[in-house]
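Enquirer: So the numbering used here is basically just the index in the sequence shown, starting at one, shifted up by 8.
Certain hints may be false.
Below 20 Å or equal to it, Euclidean Cα-Cα: the simulated SDA-like pairs (lysine to any residue) are [to be verified]:
#1 K194 with L278
#2 K461 with G80
#3 K342 with L293
#4 K106 with K194
#5 K218 with K194
#6 K261 with G287
#7 K266 with S231
#8 K252 with V306
#9 K424 with V440
Distance ranges between label pairs, derived from CB positions [unchecked claim]:
#10 L396 with D250: 45 to 51 Å
#11 Y109 with V224: 21 to 27 Å
#12 S419 with A213: 44 to 50 Å
#13 F284 with A346: 55 to 61 Å
No wet-lab data here; the hints were simulated from the structure.
Even glycine gets a Cβ: it sits at the ideal position worked out from N, Cα and C.
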Amino acid sequence: MEALAMSDAQIFAPPIGAPTIRRLLLGAVWGFALTATTAHADVTVFDKDGLTFEAGLTAGAGVFHVGNANLGAGVAKPGGGIDRNRNWTEGFIAPSGKLTYSTEAAGAFYGGARIVGAGTAGDGDAGGIAQGRQGRFTLDHLYAGWRSGTLFSALGENAIDISAGRQPFNIGDGFLINDGNADGPKEGAYWLAPRNGWGPSSVVARVDVKPFHADVFRLKSDSNSSSDVIYGTNLEWHSGPDGKNVVGGSLLKVSDSKLPTRDGMRVYSLRAQGAFIPGVPDLFLAGEFTKERNSRSVAEVDANAWYGEANYTLSQVGWTPKFGYRYSHFSGDKPGTAASEAFDPLHYGAGIRGWGTWFQGEIAGQYFFPIMNTNVNVHQLQASIQPLDTVTLTALYYIFDFDRKPVGIASDRVGKEVNFVVDWQATENLSVSGGVGQFNADSGGKQLLGGTKNSTVAEIFLLARF
């Protein structure tokens, strides 16, 4: 599940195409057949004399419908005209391999590669990013690295890990740094977002000396997401069972970017998440505060974002009910000042904590670019149950308000959204998820998007790992 900052979305040029519903259905059948025949991740193909080769295959497909896109204002078609409703399919296949050579005296040397073939069929997605008949194969990962093994035994096994090249890297739950590839129009599969590698000049050094973890990195994003060059450090302290309680801080510097306000920007972030209260292991707390500054005279920035969240699980009750609330704030621009106060969400993504993180709403969080984690305050209520070990039912409710009313907008009320989601782990290797939702627009949202109706979504997707 991937989305873009408003400024990133504007970089995309309008693409071409729009096949028929017949092709949409054929794409869905093909996607199901593809995912149903794949199996588990990271299969060891060869392991002898310290040399190990592992291979993997990930595949996915989804079918999507959005009614009254952009509150009925619709999505512009490249050939002219407007689609009020959008029906489309997405699919991808991603083979991967990793080679490791382990030594007794010098640690382990490794390298890996991953290729992604992805596409969109049908009308194209409801954000207008990828139209039908768009997709391609691309190199997502190609990296090499070294791990220290027992070389520095006093620090612990594999205390140092250095890698370079196209590789995945994220910080925390993806609030700021999660994905180096925006899955642009020509690449297809905007919603599934199968690509996540940072550019070939990226370098990451990791240090793990329990209970501390540190990252020092240089990242380069793809051209669909501003071709940013980001230098940074990240420091975390882990505690509790399995080290799942985390307190961390990050410092980032964007040294180059296509976006003027992003070029030269410094980002400071503090965060914490975990079950911190002794004797109450079922209470999960999380929060993060981020400050963005840019002192360049032509592109001053003074923005911030933060959130606070609490979730409680009734672990001793049947079906394991879970309830949660989160409030998130993303600053908006203040008219009449030299600086921009509009928060830049950078390269956030679908983090490890599931639905609503950090795509807030399957309609607003995926397709309403002007309020995607910028100039918005969001209340989120979440409840879930597990009637079976393999099935989770989740309901999410959102209230969206502008942080600052845009010029020409009379109300700060954007709208409300409700999502209902089913996640089914069908086999060890195959998962199936489906969801429906509706966005009920308030007057501010109607003025912003130019529509007057309520938007709806229905989606189902399959993911297989081999």
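Enquirer: Taking the earlier hints as the rules, which of them does this structure contradict?
Expert: As far as the earlier hints go, 1, 3, 4, 5, 6, 8, 9, 10 and 13 are violated by this structure, in ascending order.
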